[in-house]
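Enquirer: Sequence:
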Amino acid sequence: MAIIHSISLDPPLSSVTCAKSRILEFSAYITTPVSSKLPSTFQLELWWSSNNVEWIASPFALDTRNVPLCASKQFDDETVHRFLVKFVPPLNADSIEFTARYRFDNPDWNWCGRFGNNGHVLLYTVPYRRDYPTFSSLFGDVSEELEDSELMSEVVDAKVYKVTGIAAPIRGKTTNVKLGKPSEMRQYLSLVRIQTSWMGPVHGRDIFSVDRPAFMVLFQRKDGYHICVLPLSNMKNLITIYMSSDNSGNLWLNVLNDASGHRTFSTFVGVSKDPQKAVQAALYSLRTVIQSFRGVLTRSLVPEDPAATDPDRVENVAVHPALSDGNAEPVLGTWYEQWLDLFGFCTWNSMGIEVSLDKVMKALQELHDRGVRVGIVILDDGWQVTNDKRQLMQFDANDRFPGGLKHTVSTIKSTFPYIKHVAVWHALLGYWNGIAPDGELGKKYNLTKCRVYNDDIYIVSENDVNRFYDDFYKFLYSSGITAVKADVQMHIYDLEGDGISGTFVRKEYQDALKLHSLRYFYRRVSYCMAMSSQYFYYSLLQTSSPKPTLRNSDDFFPNIPSSHHWHIYCNSMNTILTSLLHAIPDWDMFMTNIPPYSMQHAAARCFSGGPVYITDIAGFHDMDVLSQIQAQTIRGSSVALRPSRVATALDPYFGFNQKRLLFLTNFAGGTGGFSMLAAFNIHENENSTFCEPVRKSMLPGLVAGGDYILRSYITGYTAEFTIPDASSNEDDDEDILMLTKLGNSQWDVFTAAPLATVKTQFRTLKIGALGLLNNITGAVAVERQKVTVPGKGRAVLDVDMKVLGILGIYMSDLGSLSTSITKLLITIQGSVVPLSSVSSEDNILKIDLTKAWTELNLSSKWSNEVSLRLYIT
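Residue numbers (the UniProt record's numbering): 1 to 873.
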């Protein structure tokens, strides 16, 4: 009997896909050892049913056409067999459910998947429905207390509705209003509260059900439309809204009114055939309402501002009226986020609350000795002076930092001059349990006694919060601190007591944090434990200031194996909402030496578009991981190569532990830039292996009519392709570029690089830069590229690079370098590149920029870029 390593279906099991026509085509990819052949008695059948009526067996047939290249070097000893089946479902069918089964000589069938793991195909496309569903058709049994109206959508190919109602002022209790049962729902994603401080995904099918307060609900109907429900928690209006479900699958709005009188509440409903556009339509309409409450003013900066010496300052900055003291004082900010490009080190998992200057210096020296030049250091929890009740005593550092915080920063930066930023951690209330009443700070600021989790704590009173934050951040700034991590932010929503005025005290703390992080640190601040609509829509939606970062999930837990795949999954789903906020999602620090999870964490951080920083114990590093997640600039610092956008899940309805690969998309550069796709196997079964196609349609931002080369980072395999014009009819098979097969905890990143066609005296070829071949997101290293044909039968490719490393350039007819070297001339900063720095593999020219830079003894001079020129004849 043949040995089967894996069977994967396309469309995959567990998925819900939309058919392009009434002729359905299914593929099955079966991998076997090279030495093992499938016998003639092998049978494979698609087992399907339309409208849950009758189950039908449709046999697969072996496809004799060439199987797409499988980008999995670890499976080079395998053969991939492709089987196909086509059929036309009944005319009255609006969907089908499917699985597969196979057998050899024995009469018993082996089933693919498991119970509840079947796939679904929606057949709404023919006849194609062009009209948007009305609001009344979206939900059944809507409460008469609600009114709906259609708004003008800010998103193309989307519609948005506004739903309003009235909430009574019931102190500490919610007004519950039924939005209704989602009509014709096929599957849903709900982003819900996990504990007080975090958000996470809940997925389901057919019947809406959540057991936690929900911030957002996105569901797909059987007609293919996606519906996003987004309630507005409006601190200005003193309204907080969550969503819940009942046993009948109804969606409820749970409204908390902190005002003294009745208040109007609003919920926004986006509708689109594209799930992300449905979310965008709802959020952008919500943002418009927020902006009407919170106008912005533009004021000029003045030199005497305490942070006016920052090199990244801008000439104008938007100031929110609530963040002004009424004297028209300017607030300084920057529209740039270069600090996030710096590769970072955080002390938390490596040192914990016993962090000290000695430990920090040892860790940084270890990294320095290994050639890693971090650009930002984060002193996490443990540096402050606190009492045994976890209350803050003073602003300056404890005695594990001799000479105080200013001396600490000076020591770090003088020893390692390439470190640009030193950041510190603090809790929103000062420390976990606020301020010590008998300490230096307790005697200086007005305090309010309150209770949290049955413990008495003291916090700075709302009328003194602004002064507290001004003094605190002024001290940090004067000590050399240039960024902060503001943690434990949702703690303030757990406060109880007579001196707590509900939303007002929360508003004062948010305003103070935003104002003074902008004034002193240009919003170089990380919002941590702040995953709630109260923060999203009050502090993280306005576009009138630089973007802070937002911790996008619960912590990285190195010693909990079950947490690693969940961490990647949770972040991937949360970005469906958080990617649209005015903040950069932060996927948290990680360690490079926890196999088999380190590389998957590293790839996820690099691909995320957020900051990349590690928390390794001194001396315990995996240099193979480190070499792939950061690169050296010509000025000697380490940077992370962050894509231009924020990564989001390709399928928002991907459920945790589905027997499929998780795909994320991202992009680097502007129009005509690099399209990026990441694949992760995060299934809990350590023996799981999945094989799925990589399609053109999965890659974002490709230009119609453009030529591209797709490259797998793990294998280096490439596939050249062209994006057809909108008028062409390309079948599904032409859409497939290659296959990716990943075992448990494995991953890959696929980058589509644009190609230019050039004609020289001797040949016509396609050419384009791939970026750094030895960095996970190496395409980001390409700042710009241009092909010119100056005449005389020559072509010139100019590539400007941000960092050093091994640059790959695709040349469609390169062949072997030995036959082409006479037709190539390569210069770097105007100097001819040594031949020892150049090599080739297949059609990829490899140029070791680091080696060339060193051998030519080049210096950065006024520019921080590497300019390379390739002459082709």
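FYI, nobody ran anything at the bench for these hints, they're computed from the structure.
Just so you know, even glycine gets a beta-carbon here, dropped at the ideal spot from N, CA and C.
The reader is advised that the hints may include incorrect statements.
Unchecked claim - Derived EDC-like pairs: lysine to aspartate or glutamate, alpha-carbon spacing no greater than 16 Å straight-line:
1. Lys-413 to Asp-399
2. Lys-449 to Asp-399
3. Lys-273 to Glu-184
4. Lys-222 to Glu-184
5. Lys-449 to Asp-464
Stated by the list, open to error - Here are the simulated distance ranges between beta carbons:
6. Asp-438 to Gly-352: 52 to 62 Å
7. Ser-292 to Asp-624: 29 to 39 Å
8. Val-67 to Asp-494: 30 to 40 Å
9. Asp-206 to Pro-724: 51 to 61 Å
10. Lys-420 to Pro-133: 23 to 33 Å
11. Asn-176 to Lys-449: 27 to 37 Å
12. Lys-420 to Glu-145: 21 to 31 Å
13. Asp-206 to Lys-20: 22 to 32 Å
Enquirer: Quick check on a hinted range of 51 to 61 Å for Asp-206 and Pro-724, using CB atoms only.
Expert: 36 Å, violated
Enquirer: Please check whether Asn-176 and Lys-449 have a Cβ separation lying inside 27 to 37 Å.
Expert: This hint holds: roughly 33 Å between Cβ atoms.
Enquirer: How does the Cβ-Cβ distance of Asp-438 and Gly-352 compare with 52 to 62 Å: does it lie in that range?
Expert: Violated: the Cβ-Cβ distance is about 26 Å, outside 52 to 62 Å.
Enquirer: Given the hint that Lys-449 pairs with Asp-399, does the C-alpha gap stay at or below 16 Å?
Expert: 28 Å, violated
Enquirer: Taking 16 Å as the top limit, are the C-alpha atoms of Lys-413 and Asp-399 close enough?
Expert: 20 Å, violated
Enquirer: Between the alpha carbons of Lys-449 and Asp-464, is the straight-line distance 16 Å or under?
Expert: Holds. Lys-449 to Asp-464 sits at ~14 Å (cutoff 16 Å).
Enquirer: Just to be sure I understand the hint, the distance between the Cβ atoms of Ser-292 and Asp-624 should be within 29 to 39 Å; is that true here?
Expert: Violated: the Cβ-Cβ distance is about 53 Å, outside 29 to 39 Å.
Enquirer: Could you see if the CB distance from Asp-206 to Lys-20 stays within 22 to 32 Å?
Expert: 24 Å, holds
Enquirer: Honestly, do Lys-420 and Pro-133 meet the 23 to 33 Å range at C-beta?
Expert: About 52 Å separates the Cβ atoms of Lys-420 and Pro-133, which means 23 to 33 Å is violated.
Enquirer: Within 30 to 40 Å: is that where the Cβ-Cβ distance between Val-67 and Asp-494 falls?
Expert: Once the Cβ atoms are compared, 57 Å apart, the range 30 to 40 Å for Asp-494 and Val-67 is violated.
Enquirer: What's the verdict on Lys-273 and Glu-184, does the C-alpha distance respect the 16 Å limit or exceed it?
Expert: Distance ~15 Å between Lys-273 and Glu-184 Cα, so the pair holds.
Enquirer: Okay, Lys-420 versus Glu-145 on CB: inside 21 to 31 Å?
Expert: Given range 21 to 31 Å: violated, Cβ gap about 55 Å.
The structure fails hints 1, 2, 6, 7, 8, 9, 10 and 12 (numbered hints given earlier, in ascending order).
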